[in-house]
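> Spelled out from the first residue to the last, the chains are:
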Amino acid sequence: MIIKIAFRNIFRQKRRTILTALAMVVGFTLLSVTIGLSDGAYGNIISMFTRNRIGHIQVHRVGYLDKPSLYETIDGYTAVGAAIQAVAGVEAWTPRVYAAGLGSVGEKSTAVQIIGVDVPRETQATRFDQKIVEGNVLPETASHEAVIGKNLAKILSAKIGSEIVIFSQGADGSLANDVYNIVGIAESGDDATDRTACYLHIEDAQELFVLEGRAHEIVVIVSNINHVGKVTNAIEASLNDSTLDVAPWQVVAKSFYRAMKADQQGDAISRWVIMLIVAIGVLNTVLMSVLERTREYGVLKAVGTKPMQIFWLVICEVVTITLGSICVGVLLGTLANYLLSIYGITYPEEITFGGMKIKTLYAVVNARCLIVPAITVMLSATVVGLFPAIKAARIMPARAMRTH
Amino acid sequence: MAQIQKTDVIVTEGVTKVYAADGIPVNALNGINLTIQSGEFTALVGPSGSGKTTFLNIISGLDSPTEGKVWLAGKVLSEMSGNELSDFRRDNIGFIFQAYNLIPVLTVEENVEYIMLLAGVPKAERHERVIAMLETVGLKGVANRTPTQLSGGQQQRVAIARAMVSEPTIILADEPTANLDSKTGADLLEMMRRLNSETGMTFIFSTHDPMVMERARRLITLRDGRIDTDETR
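Chains A and B are the protein sequences, given in the same order. Residues 1 to 404 (the working numbering) are what the first sequence spells out, left to right. Residues 1 to 233 (the working numbering) are what the second sequence spells out, left to right.
Just chain A, with the same shape it has in the complex (with noise of 0.2 Å):
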């Protein structure tokens, strides 16, 4: 009976109803469009940042994160790969060896740092041929080719066809110094790479720095970015080398994750701000139902009714409100963010995140787009709905009989 008077309740005053459930679908929708944008946003800033740049997982020799050098390299690396590619959720993995230099292009000089690709891996892994944006991508075998960051190209006034000559110092010591044909001018996204890189095919650079057989990083892609937790601690075990360092993406790139994580807690002050909306609105509108029903809380008390049951009856009529409207906000926050995630939001002019450009933010619909929105609109309805509650549980049948 009790949930028969709640629900009859509901309807006696429509248009209170309808303005009640309004402010819950629009803070559920917002939250929604929020964390579907958000979500959208950060997904297509680390699937760039790792898809065409770190990778998910990255594996050296250990201490060369913390301090690379030269000569703290991945010996035998393609047996490494090989174990890689065996573990269960890796998708493809690529070597990399680096190295400083100083790049030469008629008379104009820059440091630069030469990375040295195994470019069919490199492809498939980071999608390396999609970078170019002038001239080819390097041939699959050696031939004394490069291809360098668009911003270098500008440095060293270099065009395709142009030569770049390379200072360095090889893993033996001796002088490392060769001529490369530019055929590729790349463009990753990030300005301060294109500044200085200059790719060299894996083995044209093992050549130059004496480094046969050796690597310095090996990057892996996994078919699930979720899972990387899971495969990195694979890999540490297929591998089981105590001279190797398996790292997931959130270590190698600690201070974009962190970067990442405070932009995030910015979001959740802005969550919090839209529930507080909702909870005032709520508040006001259950209180007001229940100023007004005072004397029927009286009645319901003086024939007999407990003040838990009274407290029920208001709570439920404030659930029920709210998973009326859960249910219209998760069609609405569902669409928006669809239609978000085909069309976005476009900026009129690109933002910087991390280094990476965006132009456009697209939303994702995914599961937390409307579990979050539909926890936070319960937990914060249901608590304010507390203190009306509280107070039509303790009315005195006597004083609220006496209300008209």
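For the record, the hints were derived by calculation from the structure and aren't laboratory data. Predicted model, so just to flag it, every value in this text is computed and none were measured. Check before you lean on any hint, since a few could be wrong.
[Claimed, not checked] Going by beta-carbon spacing under 7 Å, a handful of chain A positions derived as facing chain B:
(1) Ile3
(2) Ile5
(3) Pro120
(4) Ser242
(5) Ala302
(6) Gly304
(7) Lys306
(8) Pro307
[Claimed, not checked] Computed list of lysine to aspartate or glutamate pairs in EDC-like fashion (alpha-carbon distance at most 20 Å, straight line):
(9) A:Lys230 / A:Glu91
(10) A:Lys306 / B:Glu84
(11) A:Lys359 / A:Asp263
(12) A:Lys306 / B:Glu79
(13) A:Lys159 / A:Asp191
(14) A:Lys359 / A:Glu107
(15) A:Lys359 / A:Asp39
(16) A:Lys391 / B:Asp63
(17) A:Lys154 / A:Asp191
(18) A:Lys154 / A:Glu107
(19) A:Lys108 / A:Asp39
(20) A:Lys154 / A:Asp190
(21) B:Lys75 / B:Glu167
(22) A:Lys306 / B:Asp63
(23) A:Lys14 / A:Glu292
(24) A:Lys150 / A:Glu134
(25) A:Lys150 / A:Glu107
(26) A:Lys4 / B:Glu109
(27) A:Lys306 / B:Asp87
(28) A:Lys306 / B:Asp91
(29) A:Lys67 / A:Asp245
Each residue gets a CB set at the ideal place from its N, CA and C atoms; glycine is no exception.
Place chain B on chain A using the hints.
Structure of chain B alone, referenced to chain A:
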């Protein structure tokens, strides 16, 4: 401490109620000692502000006295918790209010069966008793209407049915005829008088209505929160 007899339904001892009106204490009841026995048909009369409604509220546990004690069906009301009081009222007291006070979202049948539902009476028995009670109060055929679809007299009949259907020890009626025309009021009073004779239920009215006073077997007059006269006919 008052000596309570088996036949005593209500016993009050030194019941005092002080209200604070705008910070000024107002004595609504001044040490009322009263005993009401089972099966009485009693009217509390007196001018407005004499303490009739306050007294009814206190003897039913809807309000608490500032001083003094109330025994209802042998139990001290002030010693009960909120839940115990709710159960006690549900099982022992039927209320009839001046303003009917029916639950507007429930139908006539649901209003009447509500107390039995709280008491855990099975559905079939509830329905049977509700139909029988509605017939007794002359409301056959309106079970599915809501209170707003009834006249004032019909609503008061529903209130009487609600008060009586669970067969409480005592019926407390606060100005039950105040909002009714004289014919309807007289009919309802006759009905209550008949139910009192047939069932032996105790009725206590607070009233200004001469019709009620005429029919009451005991007439207690309150003045300034005190019993002025107590006359049994």
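> Now tell me if each hint is right for this structure.
To see whether the hints hold, each was checked on the structure:
1. Because the smallest distance between the Cβ of Ile3 (chain A) and any Cβ of chain B comes to about 12 Å, over 7 Å, the interface hint for this residue is violated.
2. Hint status for Ile5 (chain A) relative to chain B: holds, with the closest Cβ pair at about 6 Å, below 7 Å.
3. Because the smallest distance between the Cβ of Pro120 (chain A) and any Cβ of chain B comes to about 74 Å, over 7 Å, the interface hint for this residue is violated.
4. The closest approach between the C-beta of Ser242 (chain A) and any C-beta of chain B is roughly 67 Å, which is over the 7 Å cut-off, so the hint fails.
5. Satisfaction of the interface hint for Ala302 (chain A) is found here, the shortest Cβ-Cβ separation to chain B being roughly 6 Å, below the 7 Å cut-off.
6. With 7 Å as the threshold, the beta carbon of Gly304 (chain A) comes within range of chain B, its nearest partner Cβ sitting at about 2 Å, so the hint holds.
7. Taking 7 Å as the C-beta contact cut-off toward chain B, the hint placing Lys306 (chain A) at the interface holds, the least distance being around 5 Å.
8. Interface restraint check for Pro307 (chain A): the shortest CB-CB distance to chain B comes to about 5 Å, inside 7 Å, so the restraint holds.
9. Restraint check for Lys230 (chain A) and Glu91 (chain A): the C-alpha separation of about 14 Å stays at or below 20 Å, so the hint holds.
10. A hinted pair counts as satisfied when its Cα atoms are at most 20 Å apart, and Lys306 (chain A) with Glu84 (chain B) qualifies at roughly 9 Å.
11. Of the supplied pair hints, the one linking Lys359 (chain A) and Asp263 (chain A) holds, its CA atoms being roughly 18 Å apart against a limit of 20 Å.
12. Between Lys306 (chain A) and Glu79 (chain B), the direct Cα distance comes to roughly 17 Å. Compliance with the 20 Å bound is thereby established for this hinted pair.
13. A hinted pair counts as satisfied when its Cα atoms are at most 20 Å apart, and Lys159 (chain A) with Asp191 (chain A) qualifies at roughly 18 Å.
14. Restraint check for Lys359 (chain A) and Glu107 (chain A): the C-alpha separation of about 37 Å exceeds 20 Å, so the hint is violated.
15. Taking the CA atoms of Lys359 (chain A) and Asp39 (chain A), the gap is near 16 Å; set against the 20 Å cutoff, the hint holds.
16. Distance check on the hinted pair: Lys391 (chain A) and Asp63 (chain B) sit about 17 Å apart at the alpha-carbon level, within 20 Å; holds.
17. Only pairs whose Cα atoms come within 20 Å are accepted, and Lys154 (chain A) paired with Asp191 (chain A) is accepted, the gap being roughly 12 Å.
18. With a C-alpha separation of about 13 Å, the suggested pair Lys154 (chain A) and Glu107 (chain A) falls inside the 20 Å cut-off, and the hint holds.
19. Among the hinted pairs, Lys108 (chain A) with Asp39 (chain A) is inconsistent with the structure: their alpha-carbon atoms are about 44 Å apart, more than 20 Å.
20. Of the supplied pair hints, the one linking Lys154 (chain A) and Asp190 (chain A) holds, its CA atoms being roughly 15 Å apart against a limit of 20 Å.
21. Using a Cα cut-off of 20 Å, the hinted pair Lys75 (chain B) and Glu167 (chain B) holds, with the two alpha carbons roughly 18 Å apart.
22. A threshold of 20 Å between alpha carbons decides the hint, and for Lys306 (chain A) with Asp63 (chain B) the separation of about 15 Å falls inside it, so the pair holds.
23. As the CA atoms of Lys14 (chain A) and Glu292 (chain A) are separated by approximately 15 Å, the hinted pair is consistent with the 20 Å bound.
24. For a cut-off of 20 Å, the pair hint linking Lys150 (chain A) to Glu134 (chain A) stands: about 9 Å separates their Cα positions.
25. For a cut-off of 20 Å, the pair hint linking Lys150 (chain A) to Glu107 (chain A) stands: about 18 Å separates their Cα positions.
26. Proximity of Lys4 (chain A) to Glu109 (chain B) is assessed by CA-CA distance (about 14 Å); at most 20 Å being required, the pair is judged to hold.
27. For the given pair, Lys306 (chain A) sits about 7 Å from Asp87 (chain B) by alpha-carbon distance, which is consistent with the 20 Å threshold.
28. Annotation: proposed proximity of Lys306 (chain A) to Asp91 (chain B) holds, straight-line Cα distance about 13 Å (limit 20 Å).
29. Proposed proximity of Lys67 (chain A) and Asp245 (chain A) is supported: the alpha carbons are some 13 Å apart, at most 20 Å.
Hint check: violations occur at hints 1, 3, 4, 14, 19; the rest are consistent with the structure.
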